[in-house]
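Novice: The chain contents come next:
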Amino acid sequence: MRVFYFSEQSYPDAWSLPDQSLRITLPNRNCDPKIANRLYRRYHDEWVEADRLGFNIMINEHHSTPTCLSPSSNISLAILARITTKARLLALGVPLANRTDPLRVAEELSMIDVISGGRLEMGFVRGVPYEASAAVNSPLRMMDRLWEAHDLILKAMTTTDGPFPFEGEFFNYRNVNIWPRPMQQPHPPVWITSSSARSMADTARRRYIAATFLSGYATKPLFDAYRAAWREHHVSEAPADRLAYMGMCAIGETEAEARRRAAHCVATIASNSRVGPAFQNPPGYASVADNVRFMKQGSVARPSMTKSGKPVILSSATIDEYIDAGVIFCGTPAQVLEQIGDFRHGVGDFTNLLLMLQCAALPHDETMASMNLFAEEVMPHLDAPRRGHAEAAERFALAGRA
Amino acid sequence: MSSTSFNSEPVDLFGVKTEIVSCGTGDTAFLFLHPERGLRGADAFLRALSEGGRVIAPYHPGFRFDAPNHFKSVDDLSYFYLDLMAALDLRGITVVGASLGGWLAMEIASKSSARIASLCLLAPAGIKMSGRTERDMQDIFSLDDKAVEALAFCDPAAARADAEAKDDAALELAARAREASARYAWLPYMHNPSLAHRLHRINVPALIVSGEQDRIISAEFGRRLAGKLPHGEFAGIAGCGHYPHIERAETTARQVIGWRRRQAEAGVNTMKGVA
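Line by line, the protein sequences are chains C and U.
Per my numbering, the first sequence runs over residues 3 to 404.
Per my numbering, the second sequence runs over residues 39 to 313.
Worth double-checking, as some hints may not be accurate.
Here are the simulated lysine-lysine pairs, DSSO-like style, with alpha carbons at most 30 Å apart [stated by the list, open to error]:
(1) C/312 <-> C/222
(2) C/298 <-> C/312
(3) C/157 <-> U/110
(4) U/149 <-> C/298
(5) U/204 <-> U/166
(6) U/55 <-> U/266
(7) U/149 <-> U/266
(8) U/204 <-> U/149
(9) C/157 <-> C/88
(10) U/166 <-> C/298
(11) U/204 <-> U/266
(12) U/55 <-> C/298
(13) U/266 <-> C/298
(14) U/55 <-> U/204
(15) U/110 <-> U/55
No lab work stands behind these hints, which were simulated from the structure alone.
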């Protein structure tokens, strides 16, 4: 199991602002650059520790929001490339549908791959709905634009015999010839996030790694769609290393401590709906049929699901529901190990676990404690879930901490 | 209210599919180009307008069925309408366009007014007059539907009447209208920077009608635009918001019919315009 440590690099002071949207419209006078400076330094230090502890590292980007101080995945990656030594570096991702210049993305990612010594994992995402308003491009046909940008980037990274023209529907270039070219050959691994069976199938066809975010036990039909498409296109079983799940993790020495930390996870999930209603569902982002359904149900919420199949509405669930749904892995190391083991059993095996271990206002010392607990008590047992679980539970019991 | 009934016919023109709603009899006198909200709320106006001649009101591609992928701008739409006017052999018509439809009417007429006798633009969008960090039209894509409705009408009751419970078909049209508007007008927002430099080509009389209480595009914008058109006139409607064809359906229809008649009479006198 490859575990990726993930923090959104949030600006925690903004959460307590009364009745404010946390996305798109929150004025940046609420951002104190001196505080942001300290936060960046802190998050970078945490990455160095994550690298030392054996985690891989995932970063992301968002725009016009204090929930994520990284408006450029590639800048975060560039820093990571130089301050870490072992970790695989995953951007999940670069919102390609919102990029006006994907050639620049190809250049930057190649540079990052070379600086990191070939540790880049290249994640491409469509972009969240509410940021369409902050982006230049249209919210229509974003997946088509993503794939065209992807085609250009891959062609740029794998063409070694001089300039080629690219004259696409969305992007036009006269002479493409990037320097440097990436270190990993033929190109760094590609990841795509998916929340629909169709996009899972598109990703399987290309043999890319498919990741889902906070989809809980509703991940199973998505992973199954990937596996079915893989069987159809490649006449074999999809390897478990092609699938990835991003969940949150609130881990503690005691269950009570873990649950206190989980409050930060809940605050982060809730921030997704702290956005003006007009931005939640921009025109063209969802299909006409989906929009009719949204209008009838009065919301755009996509339910997740618990182990027993009970729907859970992200943004309004309780901590227990999030735990039952596999959205938050929460508890002592033994409990977390058990929950992850159950989850892998429930959705079928996957070997990329993306863990949001730092959320919202979880402070540095608690972040470090969580990271250490997970690295020492959980990570070593993930590759043999059942035996590992029993061992860990036993050691915990012996230590008198369970 | 007259009992004039509407007809709907599918259209498939060079692979572009849509539907034309029509009412009234005789030769087509009016081509109505609907605004960003589609034909929702336009029935009373179209009926009243048909007192002055047959009215056709096509859904713009994307507002009724899927638009082709290459339809990305109001410029693209304008060529569809030039084709449609030729296919239907329309002659001497008055093109009535509301908001987004007003922009479209100017795009069409700037390319060819061979089949057009006159234009009537109801609170048209389409050109940029304000500074770089201001908008001429409220950003409807940054407002939820209720907020747009509240701003669009002078009388809140008009907004309420317009937002009555809808069936699945109406919901689908509303979803399509929102998506198609973004397809054509997301960025640059509700204008074509080139159109301002082509206004001199609009060589037919154009009446701009604005609600004096329009909070989506100000009446002042309409007044100034009329001054930029070679044969532009302006008329304000008191107690009216952004959609005169909905909020003052009868008044607006009478105004449009009267305008067409006056221009036709003037046209006969000067032998100008229609073949």
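Novice: Each hint should be assessed against the structure and marked as holding or not.
Specialist: Evaluation of the provided hints:
no.	hint	verdict
1	C/312 <-> C/222	holds, 14 Å
2	C/298 <-> C/312	holds, 21 Å
3	C/157 <-> U/110	holds, 26 Å
4	U/149 <-> C/298	violated, 42 Å
5	U/204 <-> U/166	violated, 35 Å
6	U/55 <-> U/266	violated, 34 Å
7	U/149 <-> U/266	holds, 17 Å
8	U/204 <-> U/149	violated, 38 Å
9	C/157 <-> C/88	holds, 28 Å
10	U/166 <-> C/298	violated, 37 Å
11	U/204 <-> U/266	violated, 40 Å
12	U/55 <-> C/298	holds, 27 Å
13	U/266 <-> C/298	violated, 45 Å
14	U/55 <-> U/204	holds, 24 Å
15	U/110 <-> U/55	holds, 15 Å
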